[in-house]
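Chemist: In case you want the letters, here they are:
Number of protein chains: 2
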Amino acid sequence: MTTAAPTADTEIITAAVLVIGDEILSGRTKDKNIGYIADHLTAIGIQLKEVRVVPDDEAEIVGAVNALRARYTYVFTTGGIGPTHDDITADCIAKAFGVAIDVDPRALAIMKPAYAKRGLEMTPARLRMARLPEGSELVQNSISTAPGFKIGNVIVMAGIPNIMQVMLDAVTPQLKTGRKMVSETIELLRPEGEIAEMFGNHQKEFPDVSMGSYPFVRDTKVFGTHLVLRSTSPERLAVALAGLKVKLGLG
Amino acid sequence: MTTAAPTADTEIITAAVLVIGDEILSGRTKDKNIGYIADHLTAIGIQLKEVRVVPDDEAEIVGAVNALRARYTYVFTTGGIGPTHDDITADCIAKAFGVAIDVDPRALAIMKPAYAKRGLEMTPARLRMARLPEGSELVQNSISTAPGFKIGNVIVMAGIPNIMQVMLDAVTPQLKTGRKMVSETIELLRPEGEIAEMFGNHQKEFPDVSMGSYPFVRDTKVFGTHLVLRSTSPERLAVALAGLKVKLGLG
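Protein sequence lines, in the order shown, are assigned to chains A and B.
Numbering-wise, the first sequence is residues 1 to 251 according to the working numbering.
Numbering-wise, the second sequence is residues 1 to 251 according to the working numbering.
Don't read these hints as lab results, they were simulated from the structure.
Heads up, the beta-carbon is just placed ideally off N, CA and C, and yes, glycines get one too.
One or more of the hints may lead you astray.
[Said to hold, decoys possible] Some chain A residues close to chain B (C-beta under 7 Å, calculated; not the full set):
1. L25
2. F97
3. L189
4. G193
5. E197
6. Y214
7. D219
[Said to hold, decoys possible] Derived Cβ-Cβ restraints for the label pairs, each shown as a range:
8. A:V239 x B:T123: 23 to 29 Å
9. A:D102 x B:N201: 20 to 26 Å
10. A:V103 x B:N201: 19 to 25 Å
Using the sequences provided together with the hints, build the complete structure.
Modeler: Here is the structure:
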């Protein structure tokens, strides 16, 4: 993973992910990007606040892009930037920003020799992948070369997971990041109902440490619980964790 | 899978999924419910049109529930119905609908004997799981007994996948469903750039058959394509598929 440019340590940087594609909504394709991007953003100090999945429909994509880019520091989109008729993301982003879209010479300069090397023709369909909204910066794609792009606070990436991942790495050094969220987990082989009151009271003692309880079921009969503490302050996290362990008799 | 009650075959029935939980957005938990629900709804004749993931935050949950329930036939929520302080879904749903919430005697009647049998006390925290918004119907949970619920067009389910799945089965017979979407897939070991123009033209010939092209990369060097045709008419699907095979030289 590429590390992001260091920035103001105390700033809260937020993001949304917008997954674009009928195939996710029909169930045909199981999304693998949301969890990957969530992990990546958490690791570099960006807080993912919302995810939406929308179909390949212009009004839906434009509406979601504009709703999300107004609310969060960054919006990461996945899907819909290939060469076929159902790839409408770049056009929708141009529409959302109210700018023109055309073949970008920088994209073409990367794609042409790479396609030639692979013995592939630069068909009109492939040329479509070099079309970028006016004012975009390229996001490099070291696998298949057709680039993603960044316009304003919106980063547009491929839907294929391994291509999305190299694009996310490529754009990461340009991102503002804030203080990293750190976390600790305690696994209990007891149902959460037994510790819920104590845990709720512990949360009240540490309003600056976010506490979540995540039950799990193993073999449909073992009811266990993961208690997760999260904070941007490692010091406060340590104090809250130590206090919780004492209350659980693990101290 | 439980089959849904048969209903008007031609009606379009739509749905949204609302995933509730900080743990999905932080990357700690990888969602397994979206794809499962998508498959289930497609199979029973309900079209999933949008997914959102929001944090454990009242304003975010209430806002998303109200936005989605106004737009789609059904909204399915997952997560946030356990006994701990971070489980705020039921309260948020009550707030979204503007109704009271209290311990429901029907829920209690199921939970009390089941908990007694497992040797578990009915703690105040567990009692929280019997609180339902006024006007809710129970959605049975054959695993851990604490029920989900349905209020208006919103179905509220657990976040743990195997519990969510039994709740989805339990509510399915009550759902209105429309004509089922059927699909056919052709796998090509060629990049989509080569067939994009032909495929776009084929789509224009069959506006009532939705056509998607899904590239895949194997071992970072084999660029292949899945062409997927989808329609609520098996007859039209067959005609479009046959025509496409001819154009691909597979006919």
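Chemist: May I ask you to test the hint 19 to 25 Å on the CB atoms belonging to A:V103 and B:N201?
Modeler: 21 Å, holds
Chemist: Could you check if A:F97 really has its C-beta closer than 7 Å to a C-beta on chain B?
Modeler: This interface hint is violated because 22 Å lies over the 7 Å limit.
Chemist: At a threshold of 7 Å, is the proposed contact between A:L189 and chain B supported by beta-carbon distances?
Modeler: With a minimum Cβ separation of about 14 Å from chain B (threshold 7 Å), the hint on A:L189 is violated.
Chemist: Does the Cβ distance between A:V239 and B:T123 fall inside 23 to 29 Å?
Modeler: 27 Å, holds
Chemist: Could you check if A:Y214 really has its C-beta closer than 7 Å to a C-beta on chain B?
Modeler: Since the shortest Cβ distance to chain B is 6 Å, the answer is holds.
Chemist: Just to be sure I understand the hint, the distance between the Cβ atoms of A:D102 and B:N201 should be within 20 to 26 Å; is that true here?
Modeler: 23 Å, holds
Chemist: Quick check on A:G193 please, does its C-beta sit within 7 Å of some C-beta on chain B?
Modeler: Hint holds; A:G193 Cβ to chain B Cβ min 4 Å, cut 7 Å.
Chemist: Would the hint on A:D219 stand, with a C-beta cut-off of 7 Å toward chain B?
Modeler: 10 Å, violated
Chemist: Please verify that hint: A:E197, Cβ, nearest Cβ of chain B, below 7 Å or not.
Modeler: 5 Å, holds
Chemist: With 7 Å as the cut and Cβ atoms as the points, is A:L25 at the interface with chain B?
Modeler: 5 Å, holds
Violated hints, listed in ascending order, are 2, 3 and 7; each of the other numbered hints is respected by the structure.
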